[in-house]
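Chains as they are written, first to last, in the numbering used here: chain A, 1 to 115; chain B, 1 to 113.
Simulated from the structure, these hints should not be mistaken for lab results. Source: prediction; values computed, not measured. The beta carbon of each residue, even a glycine, is placed where N, CA and C say it ideally should be. There may be inaccurate statements among the hints.
[What the hints assert, rightly or not] Partner residues are not named here, just some residues of chain A that face chain B (Cβ under 10 Å, in silico):
no., residue
1, 31
2, 50
3, 88
[Stated by the list, open to error] Label pairs and their in silico Cβ distance ranges:
no., chain 1, residue 1, chain 2, residue 2, range
4, B, 65, A, 42, 17 to 27 Å
5, A, 39, B, 59, 19 to 29 Å
6, B, 21, A, 18, 42 to 52 Å
7, B, 74, A, 71, 32 to 42 Å
8, A, 18, B, 80, 37 to 47 Å
9, A, 53, B, 42, 22 to 32 Å
[What the hints assert, rightly or not] Computed footprint of chain A on chain B; a stretch qualifies when at least three of its residues, placed anywhere within it, have a C-beta under 8 Å from a C-beta of chain A:
no., segment
10, 39 to 45
11, 101 to 113
Single-letter residue listing:
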Amino acid sequence: KAGVTQTPRYLIKTRGQQVTLSCSPISGHRSVSWYQQTPGQGLQFLFEYFSETQRNKGNFPGRFSGRQFSNSRSEMNVSTLELGDSALYLCASSSRTSATTDTQYFGPGTRLTVL
Amino acid sequence: DAKTTQPNSMESNEEEPVHLPCNHSTISGTDYIHWYRQLPSQGPEYVIHGLTSNVNNRMASLAIAEDRKSSTLILHRATLRDAAVYYCILRDARGNAGNMLTFGGGTRLMVKP
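Assemble the whole structure, with the sequences as input and the hints as a guide.
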């Protein structure tokens, strides 16, 4: 089985722009979660989608949004970029058969740099 | 949410066992203990999880204290490839948080040849 794929792997944007990141989960997985990783804050949960519905949302401003398509692929969007949005954005997929034992499979991440 | 406490860093020699501790004194009866690790330049990967009993898999062993207030991830023979940040995470069996993982700072394991 192919793993979780994220595109693009690297991205450079300037302040005020917007960006869209893409995540393709493992085939058959219906849950996709997004995380932001920075040196200062570590790994922080952004949101989770399951069957095209947002199930959980972390403590991030409304500039951060996401969606999931019927094929379980997911995108996240950050509008009006700020310097502090520079981070590694990780996507994780899960089959969500059981919340307690579900293994989260992470992609390699998208490294976003905001200048 | 119940929190976990881990040492910031640990060092080990190659081919020796490594014991990575995790304290979770406020753990609830429905919390599972999960471990993930993040190798350099990669996303986190699942290592092992358990509830009350000790667990073994091909990657590691998980030893859980009788009162469940602490646990230890055991790598039986550390290799250079095991150098990573190891995260101890609690997941509520009731599934209220869905698939959200709450990461702490983790333990950075350095393996010396």
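For each hint, the structure was consulted:
A least Cβ separation of about 5 Å between residue 31 of chain A and chain B falls short of the 10 Å threshold, and the interface hint therefore holds. At its closest, the beta carbon of residue 50 of chain A sits 7 Å from a beta carbon of chain B; the interface hint therefore holds under the 10 Å criterion. Given the 10 Å rule on beta carbons, the hint for residue 88 of chain A holds: about 9 Å separates it from the nearest Cβ of chain B. The hinted range of 17 to 27 Å is satisfied by residue 65 of chain B and residue 42 of chain A, whose Cβ atoms lie roughly 25 Å apart.
Our hint of 19 to 29 Å for residue 39 of chain A and residue 59 of chain B holds, since their Cβ atoms are close to 27 Å apart. For residue 21 of chain B and residue 18 of chain A, the Cβ-Cβ distance of about 43 Å falls inside the hinted range of 42 to 52 Å, so the restraint holds. Against the hinted window of 32 to 42 Å, the Cβ-Cβ separation of residue 74 of chain B and residue 71 of chain A comes to about 40 Å, which satisfies the hint. Under the hint 37 to 47 Å, the C-beta atoms of residue 18 of chain A and residue 80 of chain B, about 41 Å apart, fit the expected range.
Taking 22 to 32 Å as the suggested C-beta distance range, the pair residue 53 of chain A and residue 42 of chain B conforms, at roughly 29 Å. Counting residues of the segment 39 to 45 of chain B whose C-beta sits closer than 8 Å to any C-beta of chain A gives 5, which meets the bar of three, so the coverage hint holds. With 6 residues carrying a beta carbon less than 8 Å from a beta carbon of chain A, the segment 101 to 113 of chain B meets the three-residue requirement, and the given coverage holds.
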